[in-house]
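Engineer: Going down the list, the sequences are from chains A and B.
To convert, note that position 153 of the first sequence is 152 in numbering that gives the first Met the number 0; the numbers rise steadily by one, no gaps.
To convert, note that position 101 of the second sequence is 100 in numbering that gives the first Met the number 0; the numbers rise steadily by one, no gaps.
Calculated directly from the structure, the hints in this document are not laboratory data.
Any given hint could turn out to be false.
[Stated by the list, open to error] Now the in silico label distances, taken between C-beta atoms and shown as ranges:
id, chain 1, residue 1, chain 2, residue 2, range
1, B, Asp5, A, His307, 48 to 54 Å
2, A, Pro367, B, Met120, 55 to 61 Å
3, B, Gly18, A, Pro367, 27 to 33 Å
4, B, Val95, A, Gly396, 47 to 53 Å
5, B, Thr19, A, Arg209, 40 to 46 Å
6, B, Glu50, A, Asn340, 33 to 39 Å
7, B, Lys113, A, Asn340, 51 to 57 Å
8, B, Arg15, A, Asn104, 38 to 44 Å
9, A, His117, B, Gly18, 30 to 36 Å
10, B, Val95, A, Lys310, 51 to 57 Å
11, B, Pro86, A, Leu406, 52 to 58 Å
Note that the structure is predicted; figures quoted are calculated from it, not measured.
By construction, the Cβ of each residue, glycine as well, lies at the ideal position given by its N, Cα and C atoms.
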Amino acid sequence: MNTSEIKTRFPIFQHHPELVYLDSAATSLKPQTVIDAEREYLEEYSTNVGRGLYPLAEKATEKFEAVREKVARHIKAAGSQEIIFTSSTTGSINLAADLLNHTVNNGDNLIITAMEHHSNFLPWQELVRQKNADLRVAPLTQTGELDLGILQNLVDARTKIVAFTAVSNVLGTINPVQEIVTIIKNINPHTLILVDAAQATGSIPLDVTRWNADLVAFSAHKMFGPTGVGVLYGKSHLLEKLRPVTFGGNMVLDVGQASETIYKEAPTRFEAGTPNIGGVIALGAALDYIENLGPANIRGHEKNLTDHALKRLQETFRNDIRIIGPINPERHGSIISFALNGIHPHDIAHLLGEKNICIRAGHHCAAPLHRALGLDATTRISFSVYNNEDDVEKLIGVLKEIQKMFLMK
Amino acid sequence: MSLYQDCILDHYRNPRNHGTLLRATHRASTNNPVCGDKLQMDLIVKNDIIEDARFSGAGCAISQASASLLTETLKKKTSADARAIKPADILKLLGVPLSPNRLKCGLLSLETLKKALNNKM
Ligand SMILES: Cc1ncc(COP(=O)(O)O)c(C=O)c1O
């Protein structure tokens, strides 16, 4: 993958030529085509969708709905009726929890895992609290992978929902989604499964049909798209059965005062109000960007770079570094978290920042996981298509300086 | 100017008044959820005079150096004088400007001190 050519497509590098951006897991940078798509909507046809009968509004509606089709094709859904637009992964998971609220009763159980982002933890914690149900947390192995044996034992006849991440935003672990779904459905075919794909999109090729998950959530901004747009995929036969949980314009066929209000079909009945139209259209451009590079090529590039970085970090810092997460590159996405002996992650992040190297420090919205690891915070680097081995060397060079500065007596 | 001046690094590497006090009359601990910094402050206050102050905990260099610098100024102060210490005084001790997202780290020591003064054992 020609990273210097790729960099020319991301205008942020013209504004900051020295930038070493190693925080794509927080949000990815945006290519010019994505920026242009949103700007074109705002400048040339910024009309509402789904209502107007004049050509500009028809154009906006067409472009908007075309992205729904594109998302469906990209993640290999059965059709665009399975794609609900939301505000973010967080918005999608909260929507899912609200949609499924009525299916959970006193004495039922929900399962999540110890590697979940707070977004895929708190909505379920709140749901079980409301319903007096049980929240079971599937533990991890020593290498930071899901312990499938234990997970299997947690599932029973009263397991209503299992929610887990496709790729951990801390450990980098790529979970075997299809295998996990099969295990769960073999034990209880009625259990509904939600996959948090926030860290998978834009990094590993997706196939929700093969995954066989009932619901899948992700954000546009982690896949080269804008902030403020998310997707909740749901199997059509599930969505058809669910009642809306937010109410307003755009989602009804007929509103009666005394008689029954008739809601539109899924997915429109779950999208009350005016959506983020320009953002959705820009997501379409982000999907084109990914398709043009090729999802398999992106994964190949990130895998090589992650493997290289893991080796370089270990050979440079040896016993002073603790890498959190699987070392096997097949099971590792483009995220590496680590702890450096004697140096707090916030100091590392700050000092790297002074050298234009952007990384993350903290618990990465996964406090329960850090508690399990016995660490208050970790340092995280993450790669995307615009990163290369030079970035890794710059990072290691500055890390060595920081280490010298801190360990000097 | 880098935040990490020699003074801060020195206090981080060789913290002054580090530890706990068995006979503490006042004690409190706090944490900074953003970075996971933790601080505990132990005081011995006699006749309204701070006789001894120690801190313990773990966290970033800014939070720990700030605690070390602060404890150095506490001995022989009246508790009223200690209560009157302001954020600006801590920033002066640190000697570097803090960006908004590091302010919490820098001021954790002061927060812990105030909490300890209100927490007689
Ligand atoms: C695994 C995972 N889930 C959910 C989220 C939340 O995404 P958003 O903030 O876009 O809602 C993130 C973002 O950091 C994430 O990494």
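Engineer: All hints are to be evaluated individually against the structure, with a verdict given for each.
Structural biologist: We went through each hint and held it up to the structure:
Remark: the range hint 48 to 54 Å for aspartate 5(B) to histidine 307(A) is contradicted by a beta-carbon distance near 35 Å. At roughly 32 Å, the beta-carbon separation of proline 367(A) and methionine 120(B) lies outside the given 55 to 61 Å, and the hint is violated. Remark: the range hint 27 to 33 Å for glycine 18(B) to proline 367(A) is upheld by a beta-carbon distance near 31 Å. At roughly 24 Å, the beta carbons of valine 95(B) and glycine 396(A) sit outside the given window of 47 to 53 Å.
Checked against the hint of 40 to 46 Å, the C-beta distance between threonine 19(B) and arginine 209(A) comes to roughly 57 Å, which is inconsistent with it. For glutamate 50(B) and asparagine 340(A), the hinted distance range of 33 to 39 Å is satisfied, since their beta carbons lie about 36 Å from each other. Distance hint for lysine 113(B) and asparagine 340(A): a CB-CB separation of about 33 Å, inconsistent with the stated range 51 to 57 Å. One distance hint, 38 to 44 Å for the beta-carbon pair arginine 15(B) and asparagine 104(A), is violated here, with the actual separation near 59 Å.
Checked against the hint of 30 to 36 Å, the pair histidine 117(A) and glycine 18(B) passes, with Cβ atoms roughly 35 Å apart. Between valine 95(B) and lysine 310(A) the C-beta distance comes to about 36 Å, which lies outside the given range of 51 to 57 Å. Separated by about 31 Å at the C-beta atoms, proline 86(B) and leucine 406(A) break the suggested range of 52 to 58 Å.
Of the hints listed earlier, those the structure fails to meet are numbers 1, 2, 4, 5, 7, 8, 10 and 11, in rising order.
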